[in-house]
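Here the protein sequences line up with chains A and B, keeping their order.
The numbering used here applies: residue 1 is where the first sequence begins, and numbers increase by one.
The numbering used here applies: residue 1 is where the second sequence begins, and numbers increase by one.
Accuracy of the hints is not assured; some may be wrong.
[Claimed, not checked] Within a straight-line C-alpha distance of at most 30 Å, the following computed DSBU-like cross-link-like pairs (lysine-lysine) qualify:
hint, chain 1, residue 1, chain 2, residue 2
1, A, Lys46, B, Lys496
2, B, Lys10, A, Lys81
3, B, Lys10, B, Lys148
4, B, Lys148, A, Lys10
5, B, Lys459, A, Lys38
Calculated directly from the structure, the hints in this document are not laboratory data.
Number of protein chains: 2
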Amino acid sequence: MMTLNTAIEKLNTLEETQRAYGHAMGVLNLDGATAAPKRSIVGRSKTMGVLSGITYQLMVNDETAEVLATILENAAEADPKVVRRAELLKESLDDMTRIPMEEFVEYQTLISQADAVWHEAKEKSDYAMFAPYLEKIIHFNRRFAGYKNADKPAYDVLLDDYEKGASMASLDPFFALLREKLTPVILEVAKRPAPDASFLRQSFPIHQQRVFSDRVMAMMGMDRERCAIGETEHPFTDGFNKWDVRITTHYHENDLASSLYSVIHEGGHALYEMGGADELQFTCLAGGATMGLHESQSRFYENLIGRSLPFCKALLPVAREIFPAQLEGVTPEMLYAAVNASKPSLIRTESDELTYAHHIMIRYEMEKLMMAGDVKVDELPALWNKMYKDYLGVDVPDDRRGILQDTHWSGGMIGYFPSYALGSAYGVQMLSAMEKDIDVWAAAEKGDLTPITAWLGEKIHRHGSFLKPNVLLEQAMGQPFDPNYYVDYLVKKFSKLYNL
Amino acid sequence: MMTLNTAIEKLNTLEETQRAYGHAMGVLNLDGATAAPKRSIVGRSKTMGVLSGITYQLMVNDETAEVLATILENAAEADPKVVRRAELLKESLDDMTRIPMEEFVEYQTLISQADAVWHEAKEKSDYAMFAPYLEKIIHFNRRFAGYKNADKPAYDVLLDDYEKGASMASLDPFFALLREKLTPVILEVAKRPAPDASFLRQSFPIHQQRVFSDRVMAMMGMDRERCAIGETEHPFTDGFNKWDVRITTHYHENDLASSLYSVIHEGGHALYEMGGADELQFTCLAGGATMGLHESQSRFYENLIGRSLPFCKALLPVAREIFPAQLEGVTPEMLYAAVNASKPSLIRTESDELTYAHHIMIRYEMEKLMMAGDVKVDELPALWNKMYKDYLGVDVPDDRRGILQDTHWSGGMIGYFPSYALGSAYGVQMLSAMEKDIDVWAAAEKGDLTPITAWLGEKIHRHGSFLKPNVLLEQAMGQPFDPNYYVDYLVKKFSKLYNL
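One chain only, chain A, in its complex shape (with noise of 0.2 Å):
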């Protein structure tokens, strides 16, 4: 029989050890991303296929079982930390546990294939080659669901996953209603005159938007002693603890505002990352609780922060300074109906505000379908084309600018989409409880974000994963979640910038 203290001292340890694999095989990843010449795949997947066997077996082993067993069952005596240590470690082992180990690696090997085949396929506009690969992947999530939870269907045990508590019967309301209240308003945008965005796509040579994230970030009061930022051809966040968190961005020398929001929306995430209590350091109560709540960090600031007319009118004097030439004669008002142009269009990621919530309700049909097997691989193309036109009106002219334009299935990730929509939601809540308690707007306009940032500090970031989810966003909303909030703030946003 193991002692509660001992079981304390070898969960200590076990995390500690956890966190020196999971840190290095984070900067490895980093490293490729960033810096490293193409070829050094071959040893890093050497690397990384014998330092993930090692955590495996660090997690997967009687001994550990009995030191969350020990602790679960002593839970009344022990600091609560530890205990909801216990709790979200015994979840994962159960998961991994659950899936028979040659099933699961079998799963890891086709996922690093599939992921090099749609590169390629996307590249090549070709979703037959890719097909196969995706074809397996659904059926791993299907089989992986069924182990976790058979008694629930396969998609809302994945949703689940990534947005603890989430499910089909939550998701399709929320859905339905920006559905209706939104599609009006993105087809009456549509008729209206775009704005002129032309400024934004002159040169801006990249040694010197550089600069400008550096502004950008020192507007956010990011310390950067604490986060760097790298480039990549996809803009992510990586936090190690909060004392290095690194942010991505990809600069395109004709486009300002591609690289200047990502930096942004990447810098929401890394705030978050940076916000951690210390004591919940080097444990897995560090960092975010929900892919849900990293998305409305991220997307708050990017959105509802960032493409605000107080924050345009900040930001435009430091991009002048940088960009005298390119900027002249441009006005607060003129960049703030530029980066919220909003038009039906084909690609996730470039999409604006208004219309990004449609973008994952359509990735949201489409993985209900796939999930409950109703949908054969090879009809999801036309499917996907069909819904494009169907929620935003536009047809979609090939597959690399369709289905194969996401990362995420081929990465494994279905039910991961669902977040992103309800991060944005939660943030706008967020935001109208902070308009109670602090001068959002003044600080926006100051080009200052630390006032903004101490509040969700307060209510969200310090917590780390040590709340539950739903206390954590019940606590910084003020109430229940509504997404009411939503809708009626983007309706309202872009009534007014399209004069409807």
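Since chain A is already given, all that's left is putting chain B on it; use the hints.
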């Protein structure tokens, strides 16, 4: 009793695991020096602590000892590469186990503290701050040398660590020859008018210097799919395997030559790492054989080729494409004279080819006294300053530009410096052999160094650490080592440059 086959299988697994940890720790270090934010040190030191503890245990255990013994006892029946791997690992293991674990840990802690203290001491030019750490480092190095081989002088043990076969008996006459033959030339050159190097000291914007680095690496024939370049305070090279090698440089806006020759120097190290045979990768036989051999390659490209007139002829048009205004009117002969400007100076890393070895011999003489216990730690700065006056005729104004300038001693590396001078000398003798086989100067003047790399690849690079260093050296030089080649080359080159 373990069978040979089992032992070989276990050796393969051991090395695969070791490489994975080595790779991860290497990337963590690289990331720390290039991309990571300042305070990431908190998490990185934790992770490095955990991973180095695990790698120690991986080596120091009964099974590893049995694996190595089984292979070495059955050497006659095993593949010579397997035997050589076991031999090199046995050497490491013996080194690790001869030092008591507690002393090893204490020393590691000392080194990491000493490095931080040295940085600050150097900045403040405060030797007294660093002296107690240096004293302990000397003490530990003498103890450890005694554990390794009590029958030899401590300094001989250390010299052999960095350069197999090196000893005071071989280095005393080597440095005596250099001092005798080169000192008159150095003093004579110092009297002549300095060539005009002012055109290298204009403003060269860093984003354009980055483009220049890419062009220089292309001239060297470096496969960029296997080698990336980063930026650090002090340039270095790290090779994880032949498909993943990194070099770093440091750009100074007002000094074009500084980064240029760092890139060529580190490029030489990188070509060595990239040239190892496929079959040696992911074993301890990949990578360079000794520090001196590694320096022979880097200094070969940097000085023998990079600072030659033919290569200056190839380099100038490339530089002028990127910096047309700054290099207007500059001729290859002017460039050649400027990059070979020679003058006794204070800082080793900024010294020229002719005076470089004198900086090394000062450190060699000091290390001899330190390891013999013939000098007190607080007497070292005065001794350093006296030697700079005696050997190079320069007055050391402060310890920052004197005894505190190098990072080696604070990193525990006593006995390393001579490798730099030996490597320089090896390179010249290799060049002499190479000139008999290929048209070196036609390749240099064309700005395509691939025939040179092919020759070095065949003689040295592809062998990794499989051949014994002395065998490898003689194979490349075609005869035993003779430092007169080095001396004659320097005397001839600088006599002609300065019309002596």
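Out of the numbered hints, which ones does the structure contradict? Checked against the structure, the hints that fail are numbers 1, 2, 4, while the rest are satisfied.
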